[in-house]
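Student: Residue strings, one per chain:
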Amino acid sequence: MNVKALLFGLLFLLPAPMWAQGYAGLGGSADGFDIPKQGYQFQFPRDHGPHPSFRIEWWYLTANLIGEDGRDYGVQWTLFRSALKPTQTDGWQSPQLWMGHAAVTTPDAHYLAERLSRGGIGQAGVTAAPYEAWIDEWHMRGPDPDTLTLTASGEEFHYDLSLTALGPLVFHGDAGYSVKSADGQASHYYSQPFYDVEGVLYLPDGDVAVTGQGWLDREWSSQPLAEDQSGWDWFSLSFDDGDKLMAFRLRGGRGDFTAATWISADGTATPLPDGSASFIPLETARVEGRDVPVTWQVTLPDYDLDVEVTALTPKAWMATRFEYWEGPVKVSGNRSGRGYLEMTGY
Amino acid sequence: MLLNIDKVQKSYPGGRPVLRDVSLTLDQGQTLALTGESGSGKSTLLNLAAALDSLDGGEITLDGTALSPLDDRGRATLRRQSISLVFQQFNLIPSLTVAQNLSFHARLTGREDTGWTAHLANRLGLSELLPRYPENLSGGQQQRVAIGRAMAAQPKLLLADEPTGNLDETASATVLDLMLSLVADTGAALLLVTHSQDIAARLDRHAHLTGGRIA
Amino acid sequence: MTWAVTQALLSHWRRHRLQLATLLIGIALATGLWSAVQAINAEARASYQRASDQLALGRYDELRDPSGPIPLARYVALRRAGWQVAAVLEGSLQVGDRRVQVLGVDMVTYPALPAVTQVEQSDTPPDPADMLTAPGRLLAAPDLAQTLGVRSDFPPILPSDALPSDLILTDIGVAETLLNQPGQISRLIVLPDQPMGIPPLSEIAPDLERINASTRLDTTQLTDSFHLNLTAFGLLSFAVGLFIVHGTVGLAFAQRRGMIRTLRALGVSMRRLVWMITAELTLLALIGGALGLILGFFLAGALLPDVAATLRGLYGAPVDGQMRLQPEWVVAGLAIALAGTLLASGHALHRLSRMPLLSGAGLQAWRGAASGRRATALIGLALIAGGFVTAYAFEGLVAGFAMVAGILTGAALVLPALLSFALSLLQRGARGPVTQWVWADMRAQLPGLSLALMALLLALAANIGVGTMVSSFRLTFTGWLDQRLTSELYVTAADDQQGQQIAQWLDPQVDAVLPIRSIELAHLSGPLFLYGIVDHQSYRQNWPLIASSDEVWDRVLAGEAVLINEQLARRSNLWPGDDLTLKPDQTLTIAGVYSDYGNPTGQAIVSMAQLDRIAPGADTRRFGIRLAPERATEMAQALRDQFDLPRQAVVQQASMKAQSLAIFDKTFVVTSALNILTLGVAGFAILTSLLTLWTQRLPQIAPVWALGLTRAQLARIELLRSVLLAALTAVLALPLGLVLAWALLAVINVQAFGWRLPMYLFPEDWAYLFALTLLAAFIAAALPALRLLCLPPADLLKVFAYER
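Residue numbers (our numbering), protein chains in the order written: chain E, 48 to 393; chain A, 68 to 282; chain D, 179 to 982.
Any given hint could turn out to be false.
Unchecked claim - Calculated cross-link-like contacts (lysine to aspartate or glutamate; reagent style EDC-like; alpha-carbon spacing at most 20 Å):
hint : chain 1 : residue 1 : chain 2 : residue 2
1    : D       : Lys976    : A       : Glu104
2    : E       : Lys132    : D       : Asp308
3    : D       : Lys761    : D       : Glu738
4    : D       : Lys835    : D       : Asp660
5    : D       : Lys976    : A       : Asp265
6    : E       : Lys377    : E       : Asp119
7    : E       : Lys362    : E       : Asp155
8    : D       : Lys976    : A       : Asp120
9    : A       : Lys74     : A       : Asp120
10   : E       : Lys132    : D       : Asp305
Stated by the list, open to error - Only some residues are given here: those of chain D computed to face chain E with a beta carbon under 10 Å:
hint : residue
11   : Ala265
12   : Gly282
13   : Asp305
14   : Leu310
15   : Val352
16   : Met374
These are computed hints drawn from the structure, not numbers from a lab.
A quick note: this is a predicted structure, and the numbers were derived from the prediction, not measured.
Using N, Cα and C, we set each Cβ at its ideal position, and we do this for glycine too.
Model the full assembly from the supplied sequences, consistent with the hints where possible.
Tutor: Structure (structure tokens):
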């Protein structure tokens, strides 16, 4: 197991058997990490910044864009923090490790890049005010999260985007306490799903000016998935009428665990418990040697929602050290719209 | 009496007797032919007389010197000083020229007489062949060189073992004539081993070996 | 039928056990020496390969700061500008009596190293948290891990056999602490994937220099010459071994001619016989080859530690002292045994296949060889001439070796003619009939012995040549050390600041404090170390200049000119009067060239002020201290006490010289071992040749014996003959050896190491070698002589009685 692969194991909270022993006592705080608590009072801008006493954390931005050429584009910008120990020190030996993933998805291609860094030397990190999340030359920066510039580059792509929040922050689960399994594993989870985005994508075929909508997820925790859980399918959908839906399914040997948040156009969030949403894969595609569902039927009876969610392209495979699928989707059915889909454990 | 062979016994390495109480004498100037069947021991007797091999019993006396008490060195000295040998083949030293071969024995004895050697070469018809090496000579020529070398040392006793055994008739006759006339001229004694009765008849005396004894 | 024929053929070996043993030993020796050298070379090369794989050396471009370490902030700035670079901190550490290299890499961004992967995939993988955070973990080869294990102040150690010996691999954070260089980076490697649109290096870090992976002088290049050297020795040993095989097979075939004639008369076709004999030879080659491989394996195992020491000492190349048995090596060894045997037997086999059914048994022609000998000698002369022409017409190490090979082979071919000529002169001068015969007989024997004598000539020449080179080198090296190490003490400070303190403290107490400052630059020919010096008599009087122009020191110290080492001069063909470009805007005239042995890289010297202009702010951590020699020990201790310096930070001149000489001596252990072995094999070749000639000797000896020489006399002559031939060969080998020494010193060394050495002569060594040769020849002839002494007269008499 490579150090870098391990980082991913931690970040994605996968119950790798090798590390199971280490996690045995995780229910408490035996190894010193804090665990999410119900009733936590968020404080901003402090909570926009990192929480080094938690094991994992991310700043996860996705955007559905339309180019001046009329084509659909998707952009991903993610900064993961993974702590080996619940402390922060300066220098190489800081236990805080950082990883960046960036991608641009077009209807027929997918470009991605990955970055790694130690936490104590200034190569990567997050400050709450002024707001900046960075790794190497990639950054998401602004006076605060409402107004941001976003940039990342890889061998074959580069993008410069500016983001303006048009709505409030949205808190998932119980006021930001998002339960992930029947056993009670949970995270702190809030989003800013109302970004208006514009900017330029620099791609091998040329530059494209783009506009669209962005969605930032902020989540931190110290707990892995439940032992029987093997991966998840996570949806962030924006319907054409302005309503939005965050919904996920954690696939487990003892049954799936689902949760969702209905976000109305004005920003009012309604958490929906386990079982409220159902997800049925309709079609799979062969991607990088794996069968990945690329068309889903998502139903949410409470809101009379029955839609088909289809990947813009099946190619949105993140061939990073730990691999997963992350890409833009189109929604059709009794509502239409766009969104992002993330699938792990395939 | 130059050579006295007295009740000589000799066995092969396996123990089979070759010579049983053989006695013979040879005087100065005498020629004796020794004949016998193949394996009768005639060559063995000649080698014993030449001090090339050691006796198992009896005694050989050459010019008053008994051979059996002599060690390797003593026998070598005796060979060098008193005896000349001519064999059926491989008489000559391959690495030396005819001239060097001719004078070799005489120079070993310290009695080299260059005039005599030149005379011998002339008489044996070897004058043209002097710078040659033995391998470039015919069998008859080689034997003439061997006789020349033997006589150049002015031996008291010449021992010859089938000297013409490897030669055709003409060459054989020439070689034998030359040898006998030289022996007669120098007064050396000759003991010649042959299987040919014709050759034996040309010598003074004739002894026949059979079953390891003189018949 | 095949079986019956096989039995008949093999029965020969049952009756000639010694011959069989000789043949097998010959094949085994040839294969063994050759394979040993191959194994050593392969093992050393595998070691470099492992090291470069293990450390990902030479695969990436690098960024360096010529003036010293790169600060951490510079790394972060590069990263934040998009440059994908990974940080490396290197240094050395004294652990007990071992000097080990510490390689600290940023384990998070550095490309995966096999040792790390191996440790992580082991049954008990370390927690990454332990690797990356204090105190960290050290990775080291198992034997080094043991040595390190006793140090309680070290982080825990993880043994890994995917690392070169004498290297500690660890995270850069651990290395900082271990080397006491916090916030410092030795170099940055440029990762292969760079993002779009990063700014050029000149904009964001003009002080850093990018060094292409391809322009760095790598270990393989450096050590190629050494390996070529060993290969040449291996080939020589192989050739000498084949002489034995050739001789023995020739004899065996000659002895079996009668049997083969009989077999053919009985209706066995020549074709079948040739095939069966080839199969027989193949079998013998495989058996001998297998024995040779065993021999070679142990020989290589015995020599490898010294080779490893040599390579580490000369080139800093990482080589384990451990032999591993490689299947390819076994296959290659058997193949070369087979090829060698068939090559050595080809002539005999060919002659056998051409033998007419009814030819007489016949004795070998004794004198017919003269014309053949002349032709051989002419070919030999042509080869010698060709060798010289090659060396003058072509550059490079291979041309150098081609010249040596040409001269050696040529001389070997000329040898029989020369010996024959010498013997004929002796024969002409001889008075007595026996001496005359002895010379004549020796001449006659030459064709049969000449191969063995050629082997002896080659072995002797190699001994003289290599011995002269090594001794000349050592003498030069010792003198050079005296010139070069003029300061009584050498001190190394922990950092620049301490360096200044030491200089200030010493100044009033000693005759002179000479700062030693250097930076690493990239030159076309590889890395170039630039040194700055201050004006002092130590340099003006002692520095070993081998080429210089007028007022060399004044011009260098005025900052107008530069001195370069011989390696750089020869590699780039730069000599006094030429220009050397140190940096794009810094070109200086070369004022002189100095000798610089034992250093693989280029070096240049400028004035201290000039160095400051080229690389402002380079550290001054090393100093040479001039003072009365008798105060050196006391001052060394005072320095250590005053500045709390570790023992090895203050070194006295004497111990530095001793260390240098010790490394030097180790360097040539292998060479001399192979030398002695080659001579031994040549001695064995003489023995086998004499045994081979034995049956042909009787017709030569018998007439002389019959005419009144004793067997003891003949045996003595037999001994004398062998010793005399060896002596004659040795006399001829001396000039050849000196030519070889000259070639090694003036051609091969220049190509291989970049320096030319003066040649010194060592007559005592020759006398010793001469005595050794006579002894070898005596021993080789002792067995045949003893056999002659004990030969029953009956055997000699048979010569006259029967056709042979």
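Student: Which hints, by number, does the structure contradict?
Tutor: 5
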